[in-house]
Amino acid sequence: MAGETKSDAMAPSMTADPSGAVVMSDRFQIEPDRPLPELDCGPMKAYAATELRDAKRGLYALLPDPALPFRIDVINSIRRIDNNSLVRLLAWDVIDWSPERRRRPAIVFDRPHGPRLFPAPDARIEPFREEPLIRRVILPLCQVLDDFAFLSLVHRNIRAENLYLDGSDPVRSPIMLGECASTPPGYLQPVVYETIECGMAHPAGRGEGCAANDFYALGVTMAILIAGRNPLAGMSDRDVIEQKLAMGSYAALVNALRIPTAMIEVFRGLLNDDESERWGLDQLRAWLDGRRASPKQQVRPSKASRPLEIGGRPYIAARAVGEALSRNWGEGLELVRGGELDQWLRRGLSDEDRTEAVNTAKSTASEENVIDDLTLARVCIALDPIGLIRVKDFRAMIDGAPRLASVGFADEAMRDAFAAMLRHNLAGFCVGLTSRLRPELHRLAAAYERVNPSMLREEIGFGIERAIYSLNPNAPCRSPLFEADYVADLSLLVPALERLAKAKGAAFDAIIDRHIAAFAGARLKVNIVPELRELRDARDRFGYALPAARILALVQTQTACEPVPALCGTIAAMLEPALARYRNASRRDSIRERMQEIAKSGRLDLLVAAVDDPATLALDEREFQAAVAEYGMTAHGIERLEYERTNRAAISRRISSQVASLLSGAVSTVAVLVTILVKLI
Amino acid sequence: MSEAAERNEETKKRRSGSIVIWLLAAGILFAFYESIILMLVGMIPTGIALLLDRSPQKDQARSVGYLNFAGCLPWMVDFWMSGGGFARVFEIIGEPLVLGVMYCAAAAGWGLCFLVRPFVSTYLLVASELKQTQLTKRQTELVELWGEAVRVDGDGKGGGKA
Numbered sequence: 001m002a003g004e005t006k007s008d009a010m011a012p013s014m015t016a017d018p019s020g021a022v023v024m025s026d027r028f029q030i031e032p033d034r035p036l037p038e039l040d041c042g043p044m045k046a047y048a049a050t051e052l053r054d055a056k057r058g059l060y061a062l063l064p065d066p067a068l069p070f071r072i073d074v075i076n077s078i079r080r081i082d083n084n085s086l087v088r089l090l091a092w093d094v095i096d097w098s099p100e101r102r103r104r105p106a107i108v109f110d111r112p113h114g115p116r117l118f119p120a121p122d123a124r125i126e127p128f129r130e131e132p133l134i135r136r137v138i139l140p141l142c143q144v145l146d147d148f149a150f151l152s153l154v155h156r157n158i159r160a161e162n163l164y165l166d167g168s169d170p171v172r173s174p175i176m177l178g179e180c181a182s183t184p185p186g187y188l189q190p191v192v193y194e195t196i197e198c199g200m201a202h203p204a205g206r207g208e209g210c211a212a213n214d215f216y217a218l219g220v221t222m223a224i225l226i227a228g229r230n231p232l233a234g235m236s237d238r239d240v241i242e243q244k245l246a247m248g249s250y251a252a253l254v255n256a257l258r259i260p261t262a263m264i265e266v267f268r269g270l271l272n273d274d275e276s277e278r279w280g281l282d283q284l285r286a287w288l289d290g291r292r293a294s295p296k297q298q299v300r301p302s303k304a305s306r307p308l309e310i311g312g313r314p315y316i317a318a319r320a321v322g323e324a325l326s327r328n329w330g331e332g333l334e335l336v337r338g339g340e341l342d343q344w345l346r347r348g349l350s351d352e353d354r355t356e357a358v359n360t361a362k363s364t365a366s367e368e369n370v371i372d373d374l375t376l377a378r379v380c381i382a383l384d385p386i387g388l389i390r391v392k393d394f395r396a397m398i399d400g401a402p403r404l405a406s407v408g409f410a411d412e413a414m415r416d417a418f419a420a421m422l423r424h425n426l427a428g429f430c431v432g433l434t435s436r437l438r439p440e441l442h443r444l445a446a447a448y449e450r451v452n453p454s455m456l457r458e459e460i461g462f463g464i465e466r467a468i469y470s471l472n473p474n475a476p477c478r479s480p481l482f483e484a485d486y487v488a489d490l491s492l493l494v495p496a497l498e499r500l501a502k503a504k505g506a507a508f509d510a511i512i513d514r515h516i517a518a519f520a521g522a523r524l525k526v527n528i529v530p531e532l533r534e535l536r537d538a539r540d541r542f543g544y545a546l547p548a549a550r551i552l553a554l555v556q557t558q559t560a561c562e563p564v565p566a567l568c569g570t571i572a573a574m575l576e577p578a579l580a581r582y583r584n585a586s587r588r589d590s591i592r593e594r595m596q597e598i599a600k601s602g603r604l605d606l607l608v609a610a611v612d613d614p615a616t617l618a619l620d621e622r623e624f625q626a627a628v629a630e631y632g633m634t635a636h637g638i639e640r641l642e643y644e645r646t647n648r649a650a651i652s653r654r655i656s657s658q659v660a661s662l663l664s665g666a667v668s669t670v671a672v673l674v675t676i677l678v679k680l681i
Numbered sequence: 001m002s003e004a005a006e007r008n009e010e011t012k013k014r015r016s017g018s019i020v021i022w023l024l025a026a027g028i029l030f031a032f033y034e035s036i037i038l039m040l041v042g043m044i045p046t047g048i049a050l051l052l053d054r055s056p057q058k059d060q061a062r063s064v065g066y067l068n069f070a071g072c073l074p075w076m077v078d079f080w081m082s083g084g085g086f087a088r089v090f091e092i093i094g095e096p097l098v099l100g101v102m103y104c105a106a107a108a109g110w111g112l113c114f115l116v117r118p119f120v121s122t123y124l125l126v127a128s129e130l131k132q133t134q135l136t137k138r139q140t141e142l143v144e145l146w147g148e149a150v151r152v153d154g155d156g157k158g159g160g161k162a
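Line by line, the protein sequences are chains A and B. Sequential numbering from 1 applies to the first sequence in the numbering used here. Sequential numbering from 1 applies to the second sequence in the numbering used here.
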């Protein structure tokens, strides 16, 4: 979990400087009034930053978009990379961003000493020649990718616009690769830099990918630098994909360029659309060392004898048809329902494997042979089983689906599509169709299947929210309570609630909502199903408050976060009705006093223990039963007294007779004794 | 031994005991018949009290009887010390003073019953109020400490109302 890998030195510690600057982690100072537009990264703004111990060190901070889950799970590994050819990531934290009056994540980097090498996607620069390209770009980037490979990381943000000059001389200054942690993997990459399948996916759903994605992006970057421009500039994303599908990436990018003969091999190797045949670090190193190895020719996909027209365009390859069907969803459904697709597969494509896969997709999708959205999603997978899931507008690689669901959570259609993907195991269907996918995608498909039962439960702590948080370690908690905060991991949850408690006092309606419950359920090491069940069954504020307090106490204990007196005070107020379980008023008062004392100490577990002690509850119940018995006896006594009052004359007569008899007996005894004594003496 | 047999055995014992008592009484009657005549005349008020007192304990009759007996005893002792005889019995009971003393003593016993009653009545009233105050106070304490639930549950167990 990200919160656990975060070092102590990076523990959240934010203060606002009187000058308006924001101090981060007691080490860096970010200056909101000094934006650095030349270092902006897509929608993310860059600001000047300094290190408090070394003010001369040039730094900058990027503020990731809170709506986008950035790469918290790998950020600490990336920090360990110390390579002169990579913009160094120094620290990250969540800061009080005064200009927006909210908390935002911020990442601090060493500032490059020069401008971007390629200022904009449609820019033109002086074309690189072979030798400078190798010396200034390929060799340093090879070293960087080697460092990433050593830590089992991928960069996923290699593009010409993300290269910086580390000096002012555009010809001689070394080149540095920019950052890669502030967005989901590949999110900012224009489609041209992405492999065909990742290009088809939504930017947030491109997935972590693998080193092959980085080498493909390196190949595209090299092609753009050697051309001095983007060869596919001006084309729409869809046209870029269709051109790559029709010609292959190498041909689409390089055919129109004048490439030095010696470099044809490297471009063929890096831009190979077959991931397993694409060049990696070893082949690139060998090529740099002068060992010229001819890459395998890319196997062209089978083409149909006649095209299938979709959306007014003709398509002759299964992969392109799959993409076109997904882009023209309504028409795609009609083509599948009407049998035109089957006809084209049998008579036009004549690819037995694809035909069989499509038949499987149609037969397993629906038991009643109804061609619905799910069937079409399966058909698209069957036509192109490359790890891409397409359900209407939900388009994600298998490893990018949870991240896309997190980004698009507010969109009901996205949520439904992700839920359908999990419910009908589309990832499992995809990995079952081919053995060419990476092993981790098989593991992920199995993980999705395991999460499915949790997602199908509708109660609090489960559902789609639980699935997203379970499958996505980077997803911040999207509770409406944290609209002005950023809860990236479990360690930030309780402190965020503490800030909220300080701001709102005891005015909480619900301290745990569906998002917080699912977030805690997914991130906590202990099982909180009993608490979630109590939350589900809660019928009043108290029934809700106690399990909510228990969950937060578990979070505080697991994350060993700082004391939270304001939150404890709020929860103590919410737990007030819980004291009604204790019947003894003086015991309630004593526990209330203890709770107030514990609240000052800020320990939620002690607070819960004080109000929810089974031994004390049992003792209280025993004493209550004894009190009930005593009350019953007193009531009986009063009843008897009333009876005596009603029948007082008779009772008094009876008792007075007894008393008189007693007195008479005593007097007569004395008289008898006196008589005997007088008569006998 | 069976229960029926035990019961039979007990009945037999009781019968034999009452026979002994009757035989003893007959013996005493035969031996002290003069004294008994004196006592019967002297304790006529006690007999009347026994008839009037309907209570099972016969406390009023006892009250009259004890003092009536104390009033009779001096003449009984005189009778025994004078040697006895029917003539002496009739001599004693023929004196109005003697009968007056005997019957006045009985009347004192009766009077005692009426004299004690207002005191006892007042005592019972005060004691009852004190007791009720204590019980009500305890009930209030219990309700304050344990809430209304103790009243509801307690009334169920006690079968009454505070």
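Read the hints as simulated data drawn from the structure, not as lab findings. Watch out, some of these pointers could steer you wrong.
[What the hints assert, rightly or not] Pairs of lysine to any residue, SDA-like flavour, derived with a Cα cap of 20 Å:
hint: 1; chain 1: A; residue 1: Lys-525; chain 2: A; residue 2: Gly-463
hint: 2; chain 1: A; residue 1: Lys-525; chain 2: A; residue 2: Asp-73
hint: 3; chain 1: B; residue 1: Lys-137; chain 2: A; residue 2: Gly-463
hint: 4; chain 1: B; residue 1: Lys-58; chain 2: A; residue 2: Ala-649
hint: 5; chain 1: B; residue 1: Lys-137; chain 2: A; residue 2: Ile-259
hint: 6; chain 1: B; residue 1: Lys-58; chain 2: A; residue 2: Arg-654
hint: 7; chain 1: A; residue 1: Lys-56; chain 2: A; residue 2: Asp-73
hint: 8; chain 1: A; residue 1: Lys-296; chain 2: A; residue 2: Asp-342
hint: 9; chain 1: B; residue 1: Lys-137; chain 2: B; residue 2: Arg-151
hint: 10; chain 1: B; residue 1: Lys-58; chain 2: B; residue 2: Gly-111
hint: 11; chain 1: B; residue 1: Lys-131; chain 2: A; residue 2: Met-633
hint: 12; chain 1: B; residue 1: Lys-131; chain 2: A; residue 2: Ala-649
Structure-based check of all given hints:
1. Straight-line distance between C-alpha atoms of Lys-525 (chain A) and Gly-463 (chain A) comes to about 19 Å, which keeps the hinted pair within the 20 Å bound.
2. Of the pairs offered as hints, the one joining Lys-525 (chain A) and Asp-73 (chain A) holds, with about 17 Å between alpha carbons and a cut-off of 20 Å not exceeded.
3. Distance hint between Lys-137 (chain B) and Gly-463 (chain A) is unfulfilled; the C-alpha atoms sit about 57 Å from each other, more than 20 Å.
4. At roughly 17 Å between alpha-carbon atoms, Lys-58 (chain B) and Ala-649 (chain A) fall within 20 Å of each other, so this suggested pair holds.
5. As the CA atoms of Lys-137 (chain B) and Ile-259 (chain A) are separated by approximately 106 Å, the hinted pair breaks the 20 Å bound.
6. A hinted pair counts as satisfied when its Cα atoms are at most 20 Å apart, and Lys-58 (chain B) with Arg-654 (chain A) qualifies at roughly 10 Å.
7. This hinted pair does not check out: Lys-56 (chain A) and Asp-73 (chain A) have alpha carbons roughly 31 Å apart, beyond 20 Å.
8. This hinted pair does not check out: Lys-296 (chain A) and Asp-342 (chain A) have alpha carbons roughly 33 Å apart, beyond 20 Å.
9. For the hint linking Lys-137 (chain B) to Arg-151 (chain B), the alpha-carbon distance of about 13 Å falls within 20 Å, and the restraint holds.
10. Among the hinted pairs, Lys-58 (chain B) with Gly-111 (chain B) is consistent with the structure: their alpha-carbon atoms are about 15 Å apart, no more than 20 Å.
11. A C-alpha spacing of about 13 Å is found between Lys-131 (chain B) and Met-633 (chain A), which places the hinted pair at or below 20 Å, so the restraint holds.
12. Note on Lys-131 (chain B) and Ala-649 (chain A): the hinted pairing holds, with a Cα-Cα distance of about 19 Å set against a maximum of 20 Å.
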